[in-house]
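K.L.:
When you get a sec, could you build the whole thing from the sequences and use the hints?
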Amino acid sequence: VIVTLIELLAVKLSPVEPMVPHCSVWSVRHCTLCALAWVRYDSAMRSWAQKQRLLFIVVPLLVFLLLAGIFSLISRNRSDCLNGRQDGDERGADCGGSCRLFCPGTATEPLIQFVRAVPVGGSEWGAVALVENRNGNAGAARAPYVFKLYDAENLLIYDRRGKAYIPPRKVFAIFEGDMQTGSRIPTRATFAFTEPPRFERMDEEPSLQIRNKRFARADGVSRLEAVFQNPTPVSFGRVELTALLFDATGNVTAASGSVVAPLAARASAPLSFTWPQEFSTPSRTEIFYTLPLRAAP
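For the sequence shown, this note's numbering gives the first residue as 1, with consecutive numbering after it.
Pairs of lysine-lysine residues, derived as DSBU-like cross-links and limited to a Cα-Cα distance of at most 30 Å, are as follows:
(1) Lys213 with Lys170
(2) Lys213 with Lys163
(3) Lys148 with Lys170
(4) Lys163 with Lys148
Since the hints were derived computationally from the structure, they do not count as laboratory data.
P.N.:
Structural data, given as structure tokens:
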């Protein structure tokens, strides 16, 4: 403004006739107002430009901080299930919540319905346990166990260790054969899981069908035959089966195991369980099956 006033005074006092008409008092005031308006406009434009530059810096920074906060919150609440510590919605280290594994003590332990020592032939014996898992969505892929055979004096004759697949919500059989006892005769058997089964989330097994069971004995051999049908559209890599023979009192008199591998979708397979001795005709026969390959992720 001062510069503009000085220029106007210089024109007014100059002895040389200017190229433009002299400014009147009104024109001086008009020029002054224009100058002031220009200064304000320039100041406003500079301020607007600074604000724009500030927005270009601040807005991306705020977006970045917001996304970082959201990611941190999600990471804090997410269950890793593999890092060896409790986080997210886990109920223990890498178990419970959204994890595949159940925490120890949160699933119902399997119920052992009975254990029997069963003759196979000669000095060969077997042992069978009928087990029930009442958990509808929990099973165990490899639960360690031990069978033990005892004689009439309660002395240990034989023990056999293994690992069993426990299917969800199912009664199933665990069988061990080829136990050579020599001249000693087992009078009882025991079965126990050597450590608590590590339960994990599993779907219940599909329902397969066992039809046309037929028991026969001849020429020193006993045989139970049947047809195993898979009505589902799913193929199974391995099916483990156990056959039990019951007497009139409901006790198991013999047991045998078999494997079908693989079992195609909507297909059937013949079953044959044999014993190298002739048993009396059983009052009842049962065949149990499990699908252990389903336990793999």
